[in-house]
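Trainee: Use the sequences and the hints to build the structure in full.
There are 2 protein chains.
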Amino acid sequence: MKVTIKTVAAHAGVSIPTVSRVLNSPDLVNPETRIKVLDAVAALDYYPNGHARGLRLQHATAVGVMVPKLDDFFFSRLYRGIYDTALKHGLTVLLYDAQSDPQRIVGGFSTLKRQQSSGIIFCSATFPAHYSTLTARLGIPVVLALTESEQHDIPAFKVDDVRAAFDAVAYLITRGHRSIGVIAGPLRDPGAGPERFQGYKLALSHYQLPFSDEHVAFGAFRYEHGYAAMTELLLHRANTHITAVFAASDEMAIGAMRCIHDHGLQVPDDISVIGYDDVVLANMITPKLTTIAQPLEEIGRMAVHSLVAAISEGQLPDSKTHYMAHSLVPRESVKSLPYDTS
Amino acid sequence: MKVTIKTVAAHAGVSIPTVSRVLNSPDLVNPETRIKVLDAVAALDYYPNGHARGLRLQHATAVGVMVPKLDDFFFSRLYRGIYDTALKHGLTVLLYDAQSDPQRIVGGFSTLKRQQSSGIIFCSATFPAHYSTLTARLGIPVVLALTESEQHDIPAFKVDDVRAAFDAVAYLITRGHRSIGVIAGPLRDPGAGPERFQGYKLALSHYQLPFSDEHVAFGAFRYEHGYAAMTELLLHRANTHITAVFAASDEMAIGAMRCIHDHGLQVPDDISVIGYDDVVLANMITPKLTTIAQPLEEIGRMAVHSLVAAISEGQLPDSKTHYMAHSLVPRESVKSLPYDTS
DNA sequence: ATAGTTTCTGAAAACGTTATCATTTCCGCT
DNA sequence: AGCGGAAATGATAACGTTTTCAGAAACTAT
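One line per chain: the protein sequences are A and B, in this order. So for the first sequence, my numbering puts the first residue at 128; every next one is plus one. So for the second sequence, my numbering puts the first residue at 128; every next one is plus one.
You may find that some hints are simply not true.
Straight-line Cα separation of at most 30 angstroms, DSS-like style, residue types lysine-lysine; simulated pairs [claimed, not checked]:
no.: 1; chain 1: B; residue 1: 163; chain 2: B; residue 2: 129
no.: 2; chain 1: B; residue 1: 215; chain 2: A; residue 2: 129
no.: 3; chain 1: B; residue 1: 215; chain 2: B; residue 2: 133
no.: 4; chain 1: B; residue 1: 447; chain 2: B; residue 2: 328
no.: 5; chain 1: A; residue 1: 215; chain 2: B; residue 2: 129
no.: 6; chain 1: B; residue 1: 215; chain 2: A; residue 2: 240
no.: 7; chain 1: A; residue 1: 129; chain 2: B; residue 2: 328
no.: 8; chain 1: B; residue 1: 196; chain 2: A; residue 2: 240
no.: 9; chain 1: A; residue 1: 196; chain 2: A; residue 2: 447
no.: 10; chain 1: B; residue 1: 447; chain 2: B; residue 2: 196
no.: 11; chain 1: B; residue 1: 215; chain 2: A; residue 2: 196
no.: 12; chain 1: B; residue 1: 129; chain 2: A; residue 2: 447
no.: 13; chain 1: B; residue 1: 163; chain 2: B; residue 2: 215
no.: 14; chain 1: B; residue 1: 215; chain 2: B; residue 2: 196
no.: 15; chain 1: A; residue 1: 129; chain 2: A; residue 2: 163
no.: 16; chain 1: A; residue 1: 196; chain 2: B; residue 2: 133
no.: 17; chain 1: B; residue 1: 196; chain 2: A; residue 2: 133
Just so you know, these hints were derived from the structure itself, not from any lab. Owing to the predicted nature of the structure, the values given are computational and were not obtained by experimental measurement.
Mentor: Now the structure itself:
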């Protein structure tokens with residue numbers, strides 16, 4: 128029933144090592160016997176036992192991918208980059224969904240280790256110092272995608288959040304907006320939180336616009352949070368007269384749009400909205416969402432490359448953050464205002 | 128550097144089998160030595176080598192999950208059900224994204240096999256007969272989730288599409304709609320195509336409403352297709368006077384909503400829309416989409432259970448289709464019409 | 001006290017590969 | 001003819017586990 132290298136060897140009338148050679152270094156074996164063996168392999172539908180190989184050859188066979196919440200819309204493109212690159216390196220990908228539960232993240236590390244991950248790509252959530260000690264104990268390297276560690280001691284691949292946020296807000300400003308609200312991420316979330324907020328403030332000061340607390344609200348990146356934050360911003364609208372909002376995630380942007388709609392206002396006629404992420408559905412809603420796009424596949428590829436290097440070298444090559452180019456995708460949710468001559 | 132069972136044994140001053148016993152059947156070993164060993168395990172951060180175990184114990188260690196397109200919004204919930212159940216069975220999950228490319232599906236089967244999948248859960252795409260022969264050659268069982276095979280010779284877990292579609296359309300009818308359009312899936316896609324269309328027709332005839340070709344358009348489930356199909360339906364609107372549309376997928380429903388909006392009409396005031404899938408974003412758009420929900424996690428769980436049975440028994444237990452309960456989620460995209468007294 | 005039984009532990013084999021080494025065969029050369 | 005070396009193949013060990021199996025020690029019952 129079960130076909131092993133032994134079966135193939137018997138079927139081809141050669142020894143076991145010869146079969147192995149045909150499969151791994153064909154030039155070492157006589158062409159005639161080679162085709163005999165290959166015929167046997169084909170006839171028997173032989174697939175080498177990965178466990179035996181993994182045991183014998185001692186190199187890595189799998190990498191773990193830890194994702195805080197698989198529902199995140201941008202994830203599929205990141206996975207594509209990771210998976211294809213991993214496959215090229217002969218690596219299996221083990222996907223762990225933490226379902227937004229910090230407990231599950233901690234447990235996930237050892238689950239991934241137990242499942243033979245030789246390294247972990249940790250995505251998009253915040254990576255506190257004690258995770259480092261955790262993974263250090265497991266003895267497997269970690270690289271970060273779409274996030275940074277608190278101590279900046281782990282290689283990371285992400286967009287320059289400050290610059291990207293700056294560009295988003297500058298886009299609004301150069302379209303004539305002067306009173307711009309922001310829906311920022313929690314300040315404790317490195318990357319998506321303080322940095323994007325910082326980019327907002329930098330853009331204001333660069334264009335010499337005043338900053339005021341009434342222009343800012345916070346939310347934890349989800350749809351509901353965007354809705355709630357927008358409610359707050361609209362509360363002060365009598366004072367602020369905002370004409371545009373920058374949201375730190377597309378999901379919040381979409382929540383905000385819904386909120387604006389519920390208040391009897393129109394996007395972008397009354398209020399323009401710009402998001403961050405370029406999730407698939409940014410292009411599906413009405414109006415289509417103008418937003419910041421990240422090179423997700425590229426980030427996935429780079430993360431795997433870096434991880435492979437770390438695994439084979441036994442040590443992390445460069446624990447610095449690598450910034451990848453972002454871009455702004457203009458769609459329909461931002462309106463150009465006539466130049467204000469006041 | 129590398130810590131194996133041997134290291135632990137030495138550190139605890141016992142033999143290798145004893146360590147193994149402590150880990151696998153603790154009651155066979157003296158409590159005193161047991162804690163000695165457990166201390167060593169903890170001190171050394173020992174994790175058993177999965178390849179060695181996989182080789183020695185001959186049972187399955189991984190299941191493959193083939194998904195036609197990872198972007199599909201409903202996928203994360205299905206994965207959750209699959210992953211957690213697999214973990215409980217000590218199985219690793221290998222996720223393969225075919226990226227809508229039939230070529231990749233075919234290649235994916237052997238990739239998954241090479242990565243030691245002992246079985247495959249094939250999701251949501253159509254499963255033609257020749258896939259059966261392919262996987263039969265690989266010698267691994269397949270179960271289907273959210274789809275059916277053409278010959279009905281493979282266990283499948285899904286919603287009863289005919290009934291679910293019937294319910295969706297009946298919902299519209301009982302809300303007063305008499306002229307209802309349908310955006311159906313391609314008739315060659317078993318399950319989501321002909322069945323849902325059939326459900327539509329059954330509902331019409333059950334309520335003694337006439338069927339007409341001008342009420343139907345087709346699309347391949349994506350946003351753009353929904354948009355295009357709706358354009359077509361609106362073309363005949365002068366004749367049909369449709370007040371509602373049933374779309375065979377939420378994505379198409381959302382595309383249709385956008386199309387309706389682009390024609391200067393309102394959902395649900397001018398046209399009601401009901402979808403199918405209950406993807407996360409159905410709850411995010413404006414207006415929120417009324418739709419048919421499938422028990423995705425449950426389906427994932429059942430698929431794994433069935434696959435595990437098939438793997439251990441060596442034979443498929445029941446190659447019939449298991450219908451799981453669906454439900455209708457009322458939200459905002461359907462309007463009740465006043466009773467028509469004409 | 002001794003035989004029989006239970007409780008605990010270690011030695012050895014096996015899972016399916018690949019790498020090292022040794023052996024055989026064959027070729028070209030003096 | 002004899003010899004060095006290349007080319008091709010096979011025997012064997014090893015990777016890290018778990019599972020017999022057997023043996024030692026400690027009881028229990030006579």
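Trainee: Decide, hint by hint, whether the structure agrees.
Mentor: Each hint tested on the structure:
no., hint, verdict
1, B/163 / B/129, "holds, 20 angstroms"
2, B/215 / A/129, "holds, 26 angstroms"
3, B/215 / B/133, "holds, 28 angstroms"
4, B/447 / B/328, "holds, 25 angstroms"
5, A/215 / B/129, "holds, 26 angstroms"
6, B/215 / A/240, "holds, 16 angstroms"
7, A/129 / B/328, "violated, 49 angstroms"
8, B/196 / A/240, "holds, 28 angstroms"
9, A/196 / A/447, "holds, 25 angstroms"
10, B/447 / B/196, "holds, 25 angstroms"
11, B/215 / A/196, "holds, 20 angstroms"
12, B/129 / A/447, "holds, 27 angstroms"
13, B/163 / B/215, "holds, 28 angstroms"
14, B/215 / B/196, "holds, 26 angstroms"
15, A/129 / A/163, "holds, 20 angstroms"
16, A/196 / B/133, "violated, 38 angstroms"
17, B/196 / A/133, "violated, 38 angstroms"
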